[in-house]
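> Residue numbers (the numbering used here), protein chains in the order written: chain F, 149 to 384; chain U, 169 to 591.
Hints may be right or wrong, so weigh each one.
[What the hints assert, rightly or not] Examples of chain U residues lying across from chain F (beta carbon under 10 Å, computed):
#	residue
1	169
2	172
3	176
4	177
5	479
6	480
7	482
8	483
9	489
10	490
11	493
12	578
[Stated by the list, open to error] Below are the DSBU-like pairs computed for lysine-lysine, each with C-alpha atoms no more than 35 Å apart in a straight line:
#	chain 1	residue 1	chain 2	residue 2
13	F	296	U	496
14	U	579	F	379
15	F	297	U	496
16	F	274	U	496
17	U	181	F	274
18	F	338	U	175
19	F	274	U	175
20	F	377	F	318
21	F	318	U	181
22	F	226	U	496
23	U	181	F	278
24	F	271	U	496
25	U	579	U	181
26	U	491	F	271
27	U	491	F	344
28	U	491	F	231
29	U	175	F	296
30	F	231	U	579
31	F	226	U	579
32	U	496	F	278
33	F	226	U	491
34	U	496	F	272
35	U	181	F	296
36	F	186	F	384
37	F	186	U	491
38	U	181	F	272
39	F	231	U	175
40	F	271	U	181
Hint data in this document are derived by calculation from the structure and do not stem from the laboratory.
Model, not experiment: these values are computed from the prediction.
For each residue, glycine too, the CB sits at the ideal point set by N, CA and C.
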Amino acid sequence: MQNHINMNTNNIIEIQNVTKRFPVGETEFTALSNINLKIQKGEFTGLIGPSGSGKTTLLNLIGALDIPSEGEILISGKNVAVKSDAESALLRNEHIGFIFQSYNLLPVYSIFENVEFPLLLQKKSKAERKEAVMQALDWVGLSDIANKKPSQISGGQAQRVAIARSIVKKPDIVLADEPTANLDSTNAYKIMDILKKLNEELGITFMFSSHDSKVIEYLRRVITLEDGKVKNDETK
Amino acid sequence: MFEFLFKGLIRDKSRSLLPVIVVSLGVSLSVFFVGYIEGMMGDMVDQNARFGTGHMKVMTREYVKNIAQKPLDLSILEAGKVIQELDKSYPEVDWVKRFNFGGILDVPDENGQTKTQGIAGGMAFDMTEGNSDLRRLNIANNIVEGRMPNGPFEMLLGQGLAKRMNVKIGDTITYFGSTMDGSMSFQNFTYVGAVQFGLSVMDDKTFLIDIKDAEQILDMEDAVQEIYGYLPNDIYDDQAIEEIKNTYNASFAESDDEYAPQMLALRDQNGLSTMLDMVNTMSSAFTFFFIIAMSIVLWNTGLLGGLRRYTEFGIRIAIGESKRDIYKSLLLESVIVGVIGSVFGTILGLILTFYLQEVGIDMSDTLGNSNVLFSNVIRAKVVPTQFWIGFFPGVMATFLGALLSGRGIFKRQTSELFNELGV
Ligand SMILES: Nc1ncnc2c1ncn2[C@@H]1O[C@H](COP(=O)(O)OP(=O)(O)OP(=O)(O)O)[C@@H](O)[C@H]1O
Ligand SMILES: [Mg+2]
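Extracted from the complex, chain F is given alone in its bound form:
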C-alpha cells in the first residue's frame, strides 16, 4: 500500500512554482502565483491570511481535488497533477484525510457508517472496519454515540466525527480547512487538542487553513498568504 511513497525524502509535500488561475467570465483570476513550499513529514503547519488570499485553493491543490495551472505539487515525491481521476482518488483514499469548516457528514448514515465509509472504499473486511472505526471514535472520545445520526449530535461532536473519519484510514496527511470556524472556543480547543495528540502520537502531518487565533496558537509553523503569494513563513 505504501509502495509508491518515496521514503527517501522527508519532504512529504513539495510545492514548486505553483500558480493557479481561475477563469472568470472572459478573463482569468490568479488565485495563487508562484508558490514554493516544502512541508516535512510530521509538521503541524497552518496557512493564514485574509479571506481570498488563496488558502483553500492551495489545500485543494495539495489534496489533488484540483490541478495547478503551472508548477508541480509532489506528495512524497510524486507529482499529483499528472494523476488520473482514479489515481488521485486512490491517493486521497489511502494517504490524505480532509476536515472541513462545515463538517460535511453524510446525513442519512449513522456516525459509525460515516467513519466507516473510507474503509469501505479500501475494501477492508467487516471485522477490520469495525475495529478501526471504534478506535477512531475512541480517539475523538465519541465511542458512545456510534449509532446516532449526524442530525442528533452537536457541532463540536460532528467535527470530532469528521476528524475520526479523516484519520480512520491512518493517512499520512490531514488537510483541515478552517476546522474551528463554526465552533465555540471550548469546542475549538478540544478539537485542537485532539488534532495535536494525533499529530504527536500517530505522526500524521497536518496542514491547516485558518483565521482563528486559537488554531494559530497550536501551530508550529505559520505560512502567511496574501494575494496568492507567500508573504511570511515562520517556524516557532
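Got chain F sorted already, so can you dock chain U with the ligands onto it with the hints?
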C-alpha cells in the same frame, strides 16, 4: 459498498420513495394509455364485426364482385351444405346466417290506405331463443319500446324510423320488395318494438326481422346471402382470421364456378384494412409521443435527483472515491429506482386498464338509461404490450436523466463541487 449505497437509497426518501412514485405514475399512465388506445380500436373492430362484416364472411364469388349492392340474386344456394362444411372444417368458429336487403315499408290506416311509407334497410338474423347472434347483437337490451319478436312476422324498427313511420306497438306494417329471383314480394308484419342503435344511420333506416321470415319473403329457403363467422368468444384475431380465410379459399382454388363460395376477412371489407392500418399507425404514433413525453418528465426527475446530490459527491470525492465510481453508483441507483418504479407503474396501469376493460363493458348497465349499441363508453383492453412498454419511459428515461446529470461530476472542477458544499 453496494450495501452502503443501498442503505443510503432506502433511507433517503427523496432519493428513493419520491422518484419511485413519480416513475410509477408516469409508467402507469403510459401503460394505461396503450390499453386505452387498444380498447378504442377493439371497440371499432367489434362494432363492425357484429353488424357489418363478421370476423370473416362467406359469399359467392359473383356476390363479392358486387358486394356494395348486396345483390340477393347472387346469394349462396345449398346454404345448409356450405355451413355444414364450414362447421366441419372450422368447428371453433361460430357460423351464422345474415341477410341485408332493401324494401318499402308501408303503414296502412284503418281503411287500408297508406298512412306513412318509407324506404328502409332490413336486417335478418336468427332470433331463436339461445342463438348466439341474439347475445352478440344484444338487441334485447337496447329496445326502447315494446319487446323482441317471438312469433312469425313480427318486426322491430330503429327508433328514428319508428317515429318517422308514426307507428304504435301492435300496428301492421307491410313490406314490399322483391324475392331472390326478382319477383315481387309483400308481407304483413306486426310492429313489436323500437331499437336504439345509437347511430343515426341505423336508427333512421333499419328494421329487424327473424331469419326464417326473411327466408320466406325473399324466397330463399335453402339460400343465404352472407354467412358470418366469429372466432371463439368473439375475440378478434387478425392472424387466425387470415389463416382461415386462406385455407378456405384455397380449397376452392381449382373450381371455376363463379358461384363458388369465397371468404373475406373483416379487413377486406368496407375499406377497413386502410382504416385499421391507419388507426394502428396513429395509435402507434400517439403511443410513441406519449412515451416520449413521459420520458422527458422522468428524465427530468433523474436529472434533478443527480443535481441535488453534488454536495454528497463532493464529500465522497474528498474521501477518496473516484468520479467514475460515483457516476456508476448514480447510474445503478437510477436503474434500481427505474425498475422498481416501472414494476409498480406497470401493475398499476394494468389494474387501471383491467378495471376499465371490465367496467367499460358494463357501462350501459351502470348508467341505466343510456342503452345504446354503439356507445362511446370508455373502454380499455389489456394487451401484452402493456407488460413491457412502461419500462421504456420508466427505466430508460430515469437512466438517461442520471446519465446526463451525472456528467456534471466530470464537467465541473472538483473544487467547484466543494464550493457547493456551502463551505
Ligand atoms: N472555482 C473558482 N472560480 C473562480 N474563482 C475562484 C474559485 N475558487 C476560488 N476562487 C477565487 O480565488 C481566490 C482565493 O480563494 P480561496 O477560497 O482560496 O480563499 P481563502 O483564502 O480560502 O478565503 P477564505 O478565508 O474566505 O476561505 C478568491 O478570490 C476566490 O474568489
Ligand atoms: Mg477558504
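> All hints, please: hold or fail.
Each hint tested on the structure:
| no. | hint | in the structure |
| --- | --- | --- |
| 1 | 169 | holds, 5 Å |
| 2 | 172 | holds, 5 Å |
| 3 | 176 | holds, 5 Å |
| 4 | 177 | holds, 9 Å |
| 5 | 479 | holds, 8 Å |
| 6 | 480 | holds, 6 Å |
| 7 | 482 | holds, 8 Å |
| 8 | 483 | holds, 5 Å |
| 9 | 489 | holds, 6 Å |
| 10 | 490 | holds, 4 Å |
| 11 | 493 | holds, 8 Å |
| 12 | 578 | holds, 8 Å |
| 13 | F/296 / U/496 | holds, 29 Å |
| 14 | U/579 / F/379 | holds, 34 Å |
| 15 | F/297 / U/496 | holds, 26 Å |
| 16 | F/274 / U/496 | holds, 23 Å |
| 17 | U/181 / F/274 | holds, 27 Å |
| 18 | F/338 / U/175 | holds, 32 Å |
| 19 | F/274 / U/175 | holds, 16 Å |
| 20 | F/377 / F/318 | holds, 32 Å |
| 21 | F/318 / U/181 | holds, 34 Å |
| 22 | F/226 / U/496 | holds, 28 Å |
| 23 | U/181 / F/278 | holds, 27 Å |
| 24 | F/271 / U/496 | holds, 17 Å |
| 25 | U/579 / U/181 | holds, 27 Å |
| 26 | U/491 / F/271 | holds, 17 Å |
| 27 | U/491 / F/344 | holds, 32 Å |
| 28 | U/491 / F/231 | holds, 13 Å |
| 29 | U/175 / F/296 | holds, 15 Å |
| 30 | F/231 / U/579 | holds, 17 Å |
| 31 | F/226 / U/579 | holds, 25 Å |
| 32 | U/496 / F/278 | holds, 26 Å |
| 33 | F/226 / U/491 | holds, 21 Å |
| 34 | U/496 / F/272 | holds, 21 Å |
| 35 | U/181 / F/296 | holds, 19 Å |
| 36 | F/186 / F/384 | holds, 16 Å |
| 37 | F/186 / U/491 | holds, 29 Å |
| 38 | U/181 / F/272 | holds, 29 Å |
| 39 | F/231 / U/175 | holds, 32 Å |
| 40 | F/271 / U/181 | holds, 27 Å |
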